[in-house]
Amino acid sequence: MNDVLNSLGLIDYITVPRLLGVLRAVVLLGVGLPLARLAGGAAARTAAKRGDAQSALLARRIVFYTLAALVTATALHQMGFHLGVLLGAAGVLTVALGFASQTSASNLISGLFLIAERPFVVGDVITVEGTTGEILSIDLLSVKLRTFDNLFVRVPNEQIIKSTVTNMTRFPIRRADIMVSVAYKEDLTQVRKILLEIAARNPKVLDEPKPLLIFKGFGESSLDYQFSVWAVRDNFVDVRTRVQEAIKSEFDRAGIEIPFPHRTFYTGAITDPLPVALVEPRPRNGADNPGTAPGGDPDDGAPKVRAPEDAAVGPAESGESARAST
Amino acid sequence: MMVAESMTGSHGTWWGEFGVATGRRWRIGPLDLWIHRATHEWRVSFQRGDDPLEDTLRPGEPTDEAPPDSAETLRFGFREVLGKVELRPRLADRSVVVRPANPFYLTGGEEATLYLSSPLWIEVRVGVPWQALCEIPVFQPSDTWSGVRPTAGELCYALVTSARLHLSNLPARPQRAFSALRVRNSTESRIHVERIKVPVPNLSLFATSSGQLWTETVTLELATERERSEVRFDAGPSILAADARRIGDPRQSDRKGFLRGAFDELFALKDRDYERRAE
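Going line by line, the protein sequences match chains A and B. Under the working numbering, the residue at position 197 of the first sequence is numbered 197, and the numbers go up by one with no gaps. Under the working numbering, the residue at position 199 of the second sequence is numbered 525, and the numbers go up by one with no gaps.
No lab work stands behind these hints: they were computed from the structure. Don't take each hint at face value.
Said to hold, decoys possible - Distance windows between CB atoms, simulated:
(1) B:E514 to A:L136: 53 to 61 Å
(2) B:D575 to A:R242: 33 to 41 Å
(3) A:L112 to B:T477: 22 to 30 Å
Because the structure is a prediction, the values reported are computed rather than measured. Beta carbons are placed, not taken as given, at the ideal position from N, Cα and C, and that holds for glycine.
Please work from the sequences and hints to get the whole structure.
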């Protein structure tokens with residue numbers, strides 16, 4: 001036995017102090033690791049009382065691994081290992097961690113700047129990169145939003161710092177810009193009068209700042225106006241809806257046309273006018289035979305066609321001339 | 327500038343205590359008001375016309391008819407319903423920005439008194455001791471913003487008024503409260519009186535023997551140094567309402583809050599340029 005140990009060179013290694021050290025290490029591990037586990041459990045129970053299951057799990061892991069690491073390090077130290085080397089490795093690890101946590105660090109710093117700058121507070125409604133929502137919380141790494149259709153959105157702070165954020169609830173009043181188009185034939189004085197009366201009649205439209213009616217331009221199919229009315233922020237959506245509804249009903253009442261896009265078609269001064277055939281509407285009666293081809297017997301309910309030269313004749317005579325021409 | 331002349335006509339008071347068997351109906355200016363009493367509830371119904379200056383007045387007539395479906399109804403449940411209701415007139419719950427239909431100039435050292443009529447709110451009260459059920463405006467005035475800039479200011483009511491400078495031109499309006507507003511220009515330059523913010527929540531209500539309601543007279547004095555400008559409240563209304571007695575206290579007794587920063591809005595010292603900038 002001694003020969004085997006001697007040949008392996010272990011005889012010099014296994015000395016009494018070292019054996020005692022190993023024994024101490026074993027005792028440490030034997031007592032320390034279970035203690036660490038108990039401590040982890042206690043931490044988890046404390047965390048569960050104050051937080052949720054996830055924080056309990058996190059607390060257990062953090063406490064256990066920290067204590068286990070301490071116990072292991074002490075045990076290794078007892079066995080004679082020098083832990084200075086590990087510190088060097090820790091330096092390299094830090095660099096690697098730094099690269100890995102670039103984004104998180106950026107979010108953290110952005111969060112600190114946001115807290116200092118206060119472009120918005122919890123409860124404001126913001127629009128960032130196309131998403132609009134109410135701010136639920138401004139955390140270290142991100143801002144949590146609730147969209148108006150009740151979806152939860154997490155926006156990283158870095159994205160907020162880098163992009164344009166619109167705070168819709170910073171100022172107490174807001175202007176609704178309504179685009180109104182009227183036909184070219186309309187009397188613009190009357191249009192202006194009607195629009196300003198609509199604003200005056202609605203008590204939620206602010207008297208001041210005064211409603212504005214701005215002529216935007218001579219459009220392709222219509223005259224374009226911008227009608228701007230101010231309202232308190234809370235009433236904004238209601239005012240914008242009601243004013244537009246009122247515009248439609250008042251224009252209908254006054255006979256003012258909001259035109260569809262249209263094209264005017266000229267054949268030119270030199271060419272003849274295009275021939276146009278007027279088609280009378282198909283009479284709606286149950287005797288219609290769906291199998292009959294149109295343009296057959298004029299009495300079977302098919303559309304009656306009038307030739308252009310008969311178009312000047314009164315409608316009462318069109319039936320006869322249609323029969324004559326078909 | 328002021329000519330003393332008695333207010334014409336007496337329409338009788340529409341406010342005060344009324345006994346209610348099943349129901350009563352009032353017509354106060356543009357407002358139709360019904361108050362009905364049932365075993366364990368009070369029902370208050372109302373609907374309004376469009377004209378804020380409508381003069382019709384029909385004080386509470388007993389009625390059994392139900393209000394029309396188009397009227398808005400508020401119901402109040404009670405264990406025990408006593409047979410009395412009180413209508414109490416009140417002033418607006420916000421400051422009122424008055425814009426004379428024809429703004430006028432006031433040269434340095436001059437003073438003008440404007441007579442305005444402002445809409446009333448009706449507080450319906452029942453029970454012993456009196457408990458307020460609701461408050462209904464006789465006419466819903468338009469909102470307006472009193473800040474010089476749209477980023478800060480105060481929500482007020484707008485009153486476009488003929489802002490008469492002569493009391494005899496003011497017809498009796500029992501459904502509105504008159505105020506005399508004295509504007510004094512103690513500066514050396516001319517001012518254009520285009521809009522005035524009146525601290526209505528700080529005003530009390532008075533009633534003359536003829537049933538016309540008044541507030542106390544308010545004096546707005548503009549001095550060359552902004553800090554020396556001030557707003558003063560008289561103890562009572564104009565001398566033309568000498569027999570008036572107080573019937574209501576101000577909604578807000580703190581008058582200092584109004585004085586701070588009020589003068590930019592009181593007189594059109596700055597152009598409201600934000601609305602003129604190019605689109």
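Tested hints:
1. Separation of E514 of chain B from L136 of chain A is about 57 Å and conforms to the stated range, judged on CB atoms against 53 to 61 Å.
2. A beta carbon spacing of about 36 Å between D575 of chain B and R242 of chain A agrees with the range 33 to 41 Å that was offered as a hint.
3. A C-beta distance of roughly 27 Å is found between L112 of chain A and T477 of chain B, which places it inside the suggested range of 22 to 30 Å.
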